[in-house]
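**Student:** Here is what each chain is made of, one letter per residue.
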Amino acid sequence: MKSNRRQFIKQCMLLYGSVLFLPSCRPSAAPVWYSGFTAQEASAIDAICEQLIPADDYPGAREAGVIHYIDKLLYQRFPQHKQTYRQGLAGVEACSQALYGNSFAELTGAQQIAMLELMERGELPARYWPQTTQKAFFELILAHTMQGFYGSPRHGGNKDYVSYRMMKLDYPLLIGQNRYEK
Amino acid sequence: MKNKQLSAIVVGAGAGGGVMAKELAQSGIRVTLFERGDWPSYDKHINDELISQRVQELGSAFGPDWEKNPRVVRHDDGSEQLVTAQSYAYNHVAACVGSGTVSYGAMAWRFMPEDFKMKSVYGAVPGSTLADWPISYEDLAPYYDKAEQEIGVSGDMSQNPFAPNQHQSYPMPAFEYNRDGAFLDGVCREMGLHPFSIPMLRNSVPYNGRAGCIRNRTCCGFACPIDAKNGTHNTVIPTALATGNCELKTNSFVYHIETDGRRATAVSYFDADKKSHRLEADIIVVSASASETARLLLNSASSHFPKGIGNRNDWVGRNLQGHAYTGASGLFDFDLLDLSGPGACVAIMDYNHHNEGIIGGGVLCNEFYQLPYAFSQHRPPGAPRWGKAHKQYQRENYHRLGRMIGPIQEIPNFDSRVMVSDRVRDYWGVPVVVNTGSRHPIDEKHCNFLASKAEAILKKAGAYQTWQHGGGGGMTGGQHQAGTCRMGDDPATSVTDRFGRVHDLDNLYIADGSLMVTNGGFNPVLTILALAYRTGEHIVNQWSV
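Respectively, the protein sequence lines represent chains D and U.
So the first sequence is numbered by the working numbering: it starts at 115 and just counts up by one.
So the second sequence is numbered by the working numbering: it starts at 1187 and just counts up by one.
Don't take every hint at face value.
[Stated by the list, open to error] The following label-pair restraints were derived from C-beta to C-beta distances:
#, chain 1, residue 1, chain 2, residue 2, range
1, U, G1573, D, A250, 16 to 22 Å
2, U, L1268, D, A212, 35 to 41 Å
3, D, L232, U, Q1345, 50 to 56 Å
No lab work stands behind these hints, which were simulated from the structure alone.
Each residue gets a CB set at the ideal place from its N, CA and C atoms; glycine is no exception.
Please work from the sequences and hints to get the whole structure.
**Tutor:** Put into structure tokens, the structure is as follows:
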């Protein structure tokens, strides 16, 4: 945990440093919502996650805040996955533009699902992922989406225990040890 | 007080080391108990599925530190891969006071008499180092008794004709079944099988000054919030400390044993500040798990033991075994689960031994409850892993999935092993464990056997869809790791004698799963505890003047 905290502090220093000393270097006035990725990357992640666990009668990945889980994971715990995300998302975007002439996040639900199904089977053109593979990226974001949706809210996802409610699991999960939960 | 002049070092405060510390300290021997981890504290062991001992996606609550303790996996093609405690094939065992006994599922199995004489019962198996133990069930039975009393077991074997202790009572009554347990018990009976309530190292009623279990579903993989689960951290280790003869050094990592050729004389260890120290003792006991015990012996090579202590004949680290978990799942059209924890509560031993064509076999139990993330990773073959169908499956089947699963007795082989790396070192600069080799191919057949029996039960129970899972093949070890310092009467084919004393030395003993010649078709902890009681008593008798 120590090194995580260190990394976190380093990140903060970088951020503050840029704010304090190099304000003119910040791109546009768009608010920074995520530590690990750009606004465009974020909208693609959000769209992918929402297809992996879509809203139906119950909230989906978007409402559960899965993207916050992934953001936190990439800057706190597994910075080594950042690269795979960046390369994976770049491939998704390029492929989406080539196939549909539009960003992944702007595609229809049916188009997004079709692309993800092909990615899962590794059947999209491989040239869009020269440095990673579509399957490797798919498996990574699928695992993280499941962790974010079903894991503890303290990691950023599963907001308000949406997945537990859906599965009719009562709280506190562990009697006498719920001090972190409320 | 007698023996006051004697001193002992015990390396590792898990199942074996905890018992050993207590046995020696009570006899008056001055004990230093080393643990590379810390005391478990509830502030670290929170209610978090992603940081439990069963699911470690974000780390382990019970150590070791994932960045400081890498290991290497060597694949069949010779390629090597660096792994952390959260990776496949790391063979992770908790590093804290109590080790796995803090967070385990706590099944309290005695091995069966046949498990101690596998070669006599089944004959030689080509490509295997299958052998009899140098001791019998009868030799170990009194120490099973002691473990059950002192650590604390709830159970009742009177309905299980296969139990070696069928006519003997446990200190606490058996646990009541939960809903799926009661249901599957009935199904098994209809099939002519012999189900019974699983004996558990968990208090069914208040015992030893601690509370009775309140049936949390987060039990296996977690520390107990009310201390109703019994490990060495809340029984024998506090007892050892209370004698005044035992000092526990936490966050202290023993990395080397010195010998003069005939006796082990001292250990070297790093303290929490990475400062190296040296400590001498009259008796040294290593109980650091099948991986770390072998590593310590191999890393202690010297002019007396150029290939590592006890390794004159290249048996240290060999015969690594674990348990290929295998079974079946079934979906029902009614709610099967009531979520009264920890889940696993009914078992059958009908498939341990005496099954045509099967060497060993394994116990079958209903499964510990899975939490939502783990459940999302488990699907019938071909079922969608994501999308609307995934989500629907999660909510419709969480309460309607039945499962029977068990540990197959693995058939040991010489090439499934723990070595030490000549390239990779840990945070302290000590060569790390290399895991290599794979299970004996015959395990696959035994896994298929047990999985098909599990599936038959679920079909009989009325599941509308069933499937088998788990199986042999691949690397072994895991939390049930065993066999790397086999005990035996012939120094040419074993590392220790029948009391766990390393053949070449007068005063170096082993007290963990490393000793086990074969690993049984059961969770091994009670056998590790019993072996430690036996070796502890032996040391006291041997060394008392």
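**Student:** Each hint: holds or not?
**Tutor:** Results of checking the hints against the structure:
no., hint, in the structure
1, U:G1573 - D:A250: 16 to 22 Å, "holds (20 Å)"
2, U:L1268 - D:A212: 35 to 41 Å, "holds (37 Å)"
3, D:L232 - U:Q1345: 50 to 56 Å, "holds (55 Å)"
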